[in-house]
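Enquirer: Assembling the complex is the task here: the two chains are given apart, and the hints tell you how they should meet.
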Amino acid sequence: MVTLLIISAITVGSAAALYTLLQSLGVSEPVMIAVSVDGEDSMSSMALRLAEGMDSVSAVCEFELTDEEEAREGALSGKYASAIILPANFYDEVNNGINPPALLLIPSDMSQGAKDFTELIGSAASLVDTVEGGIYAVTDAGFIYGMNVSRHDMEMYLTDIAFDTLLKRTKIFEESFETSIDADDLISYYAVSACLLIVLVSCTGFGYLYSKKTRAVEFSLRRNGLGPVRTGIVRFMMMMFQLVFISGVFIVIIHVLSVILSKNEDEFLQLTASSLMEARDILVSPAGILPVLFCICGFAHLVYSLLKGRDDSGLILLIVFMIMLILGGCIVPSVFLPKEAVMIGEHLPAYFWREDIFSGGALRELVMGVVLFTGGEVLSWVRT
Amino acid sequence: MGTYMMRFFLLLRSRLKSPFTYIWMVLIALSLLLVNETVVPTRQSSEVLILNEAGEYGERVLSLLTEADPALTACIYAEAEDEESLRLMVRRGQARCGFIFPEDMEEKISSGDIRSMITMVTSTFSVKSSATRETVFAALFRVMNEDITENAAAGFFEDQESASAFIRERYEYYVGSDDVFRMEYETFDAADSDDAGFPEDNSDPIRGTAAVLIFILSLYSGSSFYGKDGRFFRALRKNERLVCVFIHELTSVLMPAACGFVMIRILCADVSLIRDLLLFALFLIMACIWSGIFVSFFKKSESYLPAVSVLLFVSFILCPVFFDPARYISVIGYVSRVLPPAFYLYLF
Chain A
1 MVTLLIISAI
11 TVGSAAALYT
21 LLQSLGVSEP
31 VMIAVSVDGE
41 DSMSSMALRL
51 AEGMDSVSAV
61 CEFELTDEEE
71 AREGALSGKY
81 ASAIILPANF
91 YDEVNNGINP
101 PALLLIPSDM
111 SQGAKDFTEL
121 IGSAASLVDT
131 VEGGIYAVTD
141 AGFIYGMNVS
151 RHDMEMYLTD
161 IAFDTLLKRT
171 KIFEESFETS
181 IDADDLISYY
191 AVSACLLIVL
201 VSCTGFGYLY
211 SKKTRAVEFS
221 LRRNGLGPVR
231 TGIVRFMMMM
241 FQLVFISGVF
251 IVIIHVLSVI
261 LSKNEDEFLQ
271 LTASSLMEAR
281 DILVSPAGIL
291 PVLFCICGFA
301 HLVYSLLKGR
311 DDSGLILLIV
321 FMIMLILGGC
331 IVPSVFLPKE
341 AVMIGEHLPA
351 YFWREDIFSG
361 GALRELVMGV
371 VLFTGGEVLS
381 WVRT
Chain B
1 MGTYMMRFFL
11 LLRSRLKSPF
21 TYIWMVLIAL
31 SLLLVNETVV
41 PTRQSSEVLI
51 LNEAGEYGER
61 VLSLLTEADP
71 ALTACIYAEA
81 EDEESLRLMV
91 RRGQARCGFI
101 FPEDMEEKIS
111 SGDIRSMITM
121 VTSTFSVKSS
131 ATRETVFAAL
141 FRVMNEDITE
151 NAAAGFFEDQ
161 ESASAFIRER
171 YEYYVGSDDV
181 FRMEYETFDA
191 ADSDDAGFPE
201 DNSDPIRGTA
211 AVLIFILSLY
221 SGSSFYGKDG
231 RFFRALRKNE
241 RLVCVFIHEL
251 TSVLMPAACG
261 FVMIRILCAD
271 VSLIRDLLLF
281 ALFLIMACIW
291 SGIFVSFFKK
301 SESYLPAVSV
311 LLFVSFILCP
321 VFFDPARYIS
331 VIGYVSRVLP
341 PAFYLYLF
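These protein sequence lines map, in sequence, to chains A and B.
For the first sequence, our numbering gives the first residue as 1, with consecutive numbering after it.
For the second sequence, our numbering gives the first residue as 1, with consecutive numbering after it.
Incorrect hints may have been included.
Label-pair restraints from in silico Cβ distances [said to hold, decoys possible]: (1) G97(A) x E172(B): 14 to 24 angstroms; (2) E83(B) x F245(A): 39 to 49 angstroms; (3) S14(B) x V382(A): 50 to 60 angstroms; (4) D69(B) x Q270(A): 13 to 23 angstroms; (5) E186(B) x E346(A): 54 to 64 angstroms; (6) E240(B) x V367(A): 47 to 57 angstroms; (7) F294(B) x R49(A): 34 to 44 angstroms; (8) F294(B) x E62(A): 46 to 56 angstroms; (9) D266(A) x D147(B): 40 to 50 angstroms; (10) E53(B) x M156(A): 53 to 63 angstroms; (11) E62(A) x I266(B): 41 to 51 angstroms; (12) T187(B) x I98(A): 19 to 29 angstroms; (13) R49(A) x I266(B): 53 to 63 angstroms.
Hint data in this document are derived by calculation from the structure and do not stem from the laboratory.
For every residue, glycine included, the Cβ atom is placed at its ideal position computed from N, Cα and C.
Isolated chain B (complex conformation) (with noise of 0.2 angstroms):
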């Protein structure tokens, strides 16, 4: 045992001496933040962004939108800041579409010129704009059809002025009221619903990243047993080579590793610390020995190196990282249970 703990602090401190050591854990760190800065939509948006530069008759339509009843509407109507805020977002798909009222709209309604007058900003990401743009054409079609209403029925009267103001005030009556065509609703509780049985997303991209990229680093380090390294394992005797295969696998992955949970907890401290470190500690061995293991099948550095790059995507993709594929195929979700961040992630 002593034999054991003094290779493991010689190799501890010949890993401290190694650039890639802080290399490695400098990559951990950045790419954390990375992360933790990076905006993937993992679901359909139902934001829809307006920039109103038509002044109060946009606002009109905009407070028609924002002040619908939540409970009969698909989509979260907001104003966007500026144009290039709007056009970001959409890109981005955190916001399903978005539609920018020109600055002389009012003026366009008037003289009936109202081709291509709104721009409506989609994306690649962009779901069922058709019809959110049925819905926005509802609330301005309502504030647009008054002053059509009026001018229309101006020459039906000889007291033009007196009619058209009151004609203005029943509209604002029967819109609003239940005198003209309206909806019944009656709500009931489902047997089952679209999103019943959908499993729960268990993904995690900090944890995740975190957890690939050590898991990538202890696979890498098992390429030193091609090299000089290689030499001292193989005159070894077998139960010894492991414990020794072992404590190298995870010299290698200890300060990358501290350095990862602690960014681990600066980012995401959303469960204990003891049951954190103890699951992180559970995914470090388990790395460790399937390393070890992955690295007996092949013969040749040259074909092992490759296969641990392709691992890397593999497992970035497989494991719960970004998304959970899971969530599309089940099976995934047992398969991918084999490699160390997963099973790590699906622990949480």
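Isolated chain A (complex conformation) (with noise of 0.2 angstroms):
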């Protein structure tokens, strides 16, 4: 018992490493950027709060209104990312064309956010400059060829197409969601897969059940009318037993640690509490582990009667779960592997596990695990 908890913790703490890992690479803090406006521009400040709160801003940066002398101080000592300087009634004279130049202090050797946040900046200035462009070159064209409305009244129209495509900008594009896994999101996958991990693991243990010292065991049962069938029975029972109440350990542990953090305030732990209880109600629903557990017990009968009750066939049942596992994409997911190795995968067992939990394909698992259990049985009935 002892040594399962320390399995568990030990499994559950790898597999949190692991989605630190590819959390991160999905996760970028936003980097603070200094903002200076000179003097009372209420207008330029409005535009920065209202800008703070678009997505394409909030992922990348957050503003300090702060004075020019304190930017660049903030800057050069690494407080801010990046600062933006403007000039006095910086707003007004962008909106009667008279362009002041606004200044952004850059570091020479840019951090990722910084550069996210230059490039960000960049586009800004872009859409400003392609608008202004725009009503420029027709305000050329009505020097010379005369124009039959006021210039005032072109340009009023021209901004109000520009700002109408602007405001429509997100509408352009529509997302398509490549999902890198089967469940929603991270935390629900590893938890889902640090359960799987878990029983495939205690698996390697249950060679006591077949080695040759407990025989005496099997004799005793053969002479009181268990025959050989039954006694296959009776040690896949054990083994399913063994493995359901691992898994509901697991079960419980994910459900105490989701209440848990659920009850923080902090946005990141409650969201983690959210994935953990959709990782449970993976693993709890009918069609979950159950028909999983059945099955890798009939692969655990398949191999250990095929092994004839070697010693070392705890390290063999390791070596094949091993390489289904990896193969299957359970430990790296699938799409990362190269696409020979996805290929043999698809045809293991471990992957069938993995897809079905998350799919719900108990069906499956429950012919598999007859027909691994009877492939077993009938290794077992040739022998004897």
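Expert: Printed below as a string of structure tokens:
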């Protein structure tokens, strides 16, 4: 029991470490940007606050209003990743086509966060350029060819059209999400994978049920009228009982952890809690872990029967599991594996176990379990 | 000494007769080949892929993105070969995100039907894709605004044709000039960047996988202490037993380790052969001693074998095999050195 608890703790810790790595690839903290507005330019400040609410901006940076001296000092000291220095009446002057240049302080050796911000601010400047370029071009044409509307009306009309397009810009894009894993998020994926891992690791310790040392039990069962088939069923039941207990303990741990985390006010911890709850729901659903455990027991029975109770059967089973887990995408998602490895992995039981836990393919697991168990029984029968 | 040498050769001969020695050799060779071909993203990608099916119109947008000043951009914009490869690269985290310009993009823009026009492909590993979308839109807007402006202004002039040609010419001039709004950039040397102080990545998938597999093999060979071999070892005197246990462990891993070392040299010969060999030998000795000590903590093989199985996964996670956890939690770097694979990998 103590060994099992240690195994569970270490495996969960390891799964969490792996999750941390993959999560770190998908999460990046926004950088802090100093913004200095010369004088009381309330419109510029308001525009900044509005910009901060946009998805694209909040993913990349956070603004802090300050004066020019502090912005420069903060940038030099590393407090700010970059700084924007806007001249007095910046907003009004841009609106009137005066175009005072905005100054952007950027470090010579930029971090990825600072680069993202620089690209974003460049895109924003490009939008203003583009709108102004169109208006200026038509204004120039008006000087030569003469317009039948006033310059002011033309500017208003073109500005309206441009703003209409700018406001609709997110609708131009249709997002298509490509999932790299079976679950909605990495936490659920690795929580379920950790459960599968613990169960499989536990299977390597079932060699004693088939060991030659315990044959006396087998013979005693036979003397009492239990033939090889019933002995096989007893072994199967023993394995199934232990695996159900182990996965039950794991589910309880996940549940308790999710309840504790959900009470925390931190947004990230709450998201983690909901992901753990999702993993728990996947595991406890009728077509979740139970049919998979049934199939795993059938598989273990087949392998142990094949190995005829050898002392190193645990080692062999570990090698088999290791190959299946790697090729089946249970440790590193299949998408990162070479095409040839995925092609092989797709025909291994571990691939089906992983897939069926997430998709609820209970029938396939039950059929596979029965076939594998029967295979083990046939081997035992041939031996006797 | 002669007795020990004799024992070493006898044990080695018995190992050479065992099919498991060859199974492990094949397993190690195949695992290293697999790892060599596996592409796990270890950092955030800065590549953005664009599939242009919109012909010349899309080319104009694409050239604005690809020809941007690299000093002021965070992403590398590249053209994708086809949709399948674009989606695969995004799914694998090798590209930050992808954009597909449709064949009828120009017609859609002309007719004003631009809703859901461009497909933006993202994945679990897409970071800041909303910001990347702004950059792509800015490039697209620069191209499409020429048509929008020309069409909108057409009604303002008597001589529409001449005015349109003139507007196009002036538009081209203005968007590339300093006469419109512009940013001024001033660079400075910051005291500290975001990445400063971030520990070096010591991960080595090839050496790491070989080391972990050999370490696990040495641990598994320790399980024979619970069988007939155990009775033999227990019958020996303490000092003699220690040496014999060491020889037993060493002969178990020697051939697979030799296979692993050859594979390492084939797949990544980035350090001198002598240094590589010395460090590998040091690791082998440590692994054998380690397993000899570890096995003494367990009384039954039923509890020992699952513990070894778990150590396999722990080693893959805590040792800098595929990634270096010490980069995220520095204390792991010191603690994991207790494990022979981590000790070996941190020596490079």
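Enquirer: For every hint, state whether the structure bears it out.
Expert: Here is how each hint holds up against the structure:
no.: 1; hint: G97(A) x E172(B): 14 to 24 angstroms; result: 19 angstroms, holds
no.: 2; hint: E83(B) x F245(A): 39 to 49 angstroms; result: 48 angstroms, holds
no.: 3; hint: S14(B) x V382(A): 50 to 60 angstroms; result: 30 angstroms, violated
no.: 4; hint: D69(B) x Q270(A): 13 to 23 angstroms; result: 41 angstroms, violated
no.: 5; hint: E186(B) x E346(A): 54 to 64 angstroms; result: 56 angstroms, holds
no.: 6; hint: E240(B) x V367(A): 47 to 57 angstroms; result: 56 angstroms, holds
no.: 7; hint: F294(B) x R49(A): 34 to 44 angstroms; result: 60 angstroms, violated
no.: 8; hint: F294(B) x E62(A): 46 to 56 angstroms; result: 49 angstroms, holds
no.: 9; hint: D266(A) x D147(B): 40 to 50 angstroms; result: 49 angstroms, holds
no.: 10; hint: E53(B) x M156(A): 53 to 63 angstroms; result: 36 angstroms, violated
no.: 11; hint: E62(A) x I266(B): 41 to 51 angstroms; result: 49 angstroms, holds
no.: 12; hint: T187(B) x I98(A): 19 to 29 angstroms; result: 26 angstroms, holds
no.: 13; hint: R49(A) x I266(B): 53 to 63 angstroms; result: 59 angstroms, holds
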